[in-house]
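> So you can see what is in the structure, the chains are spelled out below.
Protein chains: 2
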Amino acid sequence: MLTIAVDAMGGDNAPLETVRGAALASLEARHLQIVLVGDQRRIEPILEETRHDAERLSVLHAGSFVTMDDKPAEALTQKPDCSVLVAARLVAEGGADALVSAGNTGAGVLAAARTWKRVPGVRRAALAAVYPTEQRHGDKQDPFSLLLDVGATLDADADDLVAFALMGAAYASRVSKNARPKVALLSNGSEAGKGPASVVEAHKLLTSHTGLNFIGNVEGIDIPRGTADVIVCSGFVGNVVLKMLEGVSETVMSLARYAYKEKMVWRLGLMMLSGGFQRIKEVTDWEQYGGAPFLGFDRLYIKAHGRSKQRAIANAIKVAGKAAAHGVVEEIAKGMREFEASRQGGGAKAG
Amino acid sequence: MLTIAVDAMGGDNAPLETVRGAALASLEARHLQIVLVGDQRRIEPILEETRHDAERLSVLHAGSFVTMDDKPAEALTQKPDCSVLVAARLVAEGGADALVSAGNTGAGVLAAARTWKRVPGVRRAALAAVYPTEQRHGDKQDPFSLLLDVGATLDADADDLVAFALMGAAYASRVSKNARPKVALLSNGSEAGKGPASVVEAHKLLTSHTGLNFIGNVEGIDIPRGTADVIVCSGFVGNVVLKMLEGVSETVMSLARYAYKEKMVWRLGLMMLSGGFQRIKEVTDWEQYGGAPFLGFDRLYIKAHGRSKQRAIANAIKVAGKAAAHGVVEEIAKGMREFEASRQGGGAKAG
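So the sequence lines, in the order shown, correspond to chains A and B.
The working numbering numbers the first residue of the first sequence as 459 and each following residue consecutively.
The working numbering numbers the first residue of the second sequence as 459 and each following residue consecutively.
What the hints contain is simulated information worked out from the structure, not anything from laboratory work.
Do not take every clue at face value.
What the hints assert, rightly or not - With a cut-off of at most 30 Å between alpha-carbon atoms, the simulated DSS-like pairs for lysine-lysine come out as follows: (1) K575(B) / K652(B); (2) K529(A) / K662(B); (3) K529(B) / K652(A).
To be verified - In silico negatives: residues of chain A with every beta carbon more than 12 Å from chain B: (4) R509; (5) R576; (6) K767.
Cβ atoms here follow ideal geometry from the backbone N, Cα and C, with glycine treated the same way.
Model the full structure from these sequences, guided by the hints.
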């Protein structure tokens, strides 16, 4: 049985919604054990009032926690018993198979980096965001694509981009049941020579040295279309793109307000759609699909959105369970080994 | 009187719509002279059938032209008498004050770079896109912001970003009548230390060495909001962002299709809005605001959208006239001089 460590104290609605989410998961995901890590005196009263499966849910006390406003490095030094670090240590020592946190992203990333080992060949980790697209993906017809990195590695070089591509493909193939996910590089044009040097070089490496289903470069407009299953970019570009995507409903409402003030039929249409726009906002807020995987280490960390409520937390726990069960880390390690072997072998395509 | 050179052969609808646009401008902008540069045998028959002011409109023959699919460098070498190069030369020699083209962007940029001089202090040029926002800007309450660079300089260093900020501010203050435009750097967080090294360093330089109304870093979500009047980034990031903006209506329709298939009220709302979405698409297609200024040279080039029809061309001609009349180039040169002086003077804020 797999065990998921949940940072009970992380997130805007913690510990109430994290505990409720874990309780929900204990009832719905009967193949998982869940450990709530955090302040026992605050967690237990919530658990007492929430339906859960006590056989599958336990509490590990942690004396402090990192707030959303804390500076990650300082916080981890000053609070060595904070919940996210205690949870990451539990995972490192084999007491749990994956970590879920809706708390301070930087603190989660740092806690993982300090307690876990990097997958051989991966020099820098990536945070991968799942976002909704028009086109469906994989056997399960998921309406989601994966974008990475979205902020862990701001300046990614060509080797980093290749590692991100391999990691994203491993995640998509194992979690979305997409045997040969379409992988693309984000650039300013679809031709092979387009983009900064790192992207041009990564394009060559991905074409010659990986067995990936690499479809080449895609442009900004392809992101919402869902042309690729996995889109790869530096953390700086990915972060800007992700924040634009999260604001897409707001964007359209704003443009609409500006452009159509006078037309009654458009006003009416907008009013009818306002619930719909709210729903888009929720979808782009990761509510449905649990969280963003942090990839590159020998353990998995699923970052749930800061605003997560119980349903999002429960989904993040399930995703963490699925990723651990289906060997995402092993698949990444295999991809990196094959890439290194192909590159040293001098160019033969591995796949 | 100012003279605007128009590349009659550039754009998806050239020469029909470019000639019609120039004809329209000759009637509406009576302070401008317009020179249509291109194939006389194709331009004149269109002019004969189009109302125009013959006093303000003339034709300069060019024997060839660059197509949208041509490779810019090759095309300019193989076609030394192509319309965009003939027009750029006319501007360089003082026969016209600015260039308007809806043709191949790379060819326009290269034609300018080969025939014009760079503003002292500016090492790399920038293409600035105008895009619609919710917030209004400047004395004229323009619902537009400026984003630069969007593709001329893919890897911009800190000095380039500072030059882009000064150029964008000069353009906004002179063309949008916005005396102290709010200038921001695009980053992955609003704090001064956020972003890659080039952005962090540019933040310092903009704070200490320019008289700009620098409001610090903004994030992806601030782009459609219109938090800043001028947003500065490298050409790679700007190009990805611009292409996402252009696809924003498509994005929302796609998300809507995915999320609300079942709800009748939403379907109806979407149907009522479909004309509205088309209109957003047009707005984001630069129809209203004429074109994207190419900044950094001693002359101005306004790049109209490739799909421009007569109204967009006429607007681009007017914008080119306004930019030339209000001394955008002189304002850029002044900003660069003040920046260099402040930096050599050791940090005193110039403004």
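> Now, for every hint given, state plainly whether the structure supports it.
For each hint, the structure was consulted:
A hinted pair counts as satisfied when its Cα atoms are at most 30 Å apart, and K575(B) with K652(B) does not qualify at roughly 35 Å. At most 30 Å may separate the alpha-carbon atoms for a hinted pair to count; K529(A) and K662(B) meet this at roughly 21 Å. At roughly 13 Å between alpha-carbon atoms, K529(B) and K652(A) fall within 30 Å of each other, so this suggested pair holds. Distance to chain B confirms R509(A) as a non-interface residue, since its nearest Cβ pair spans about 29 Å, more than 12 Å.
At the 12 Å boundary, the C-beta of R576(A) stays outside the reach of chain B, the nearest C-beta of that chain being 22 Å off. Against the 12 Å criterion, K767(A) stays outside the reach of chain B, whose nearest CB is about 18 Å from its own CB.
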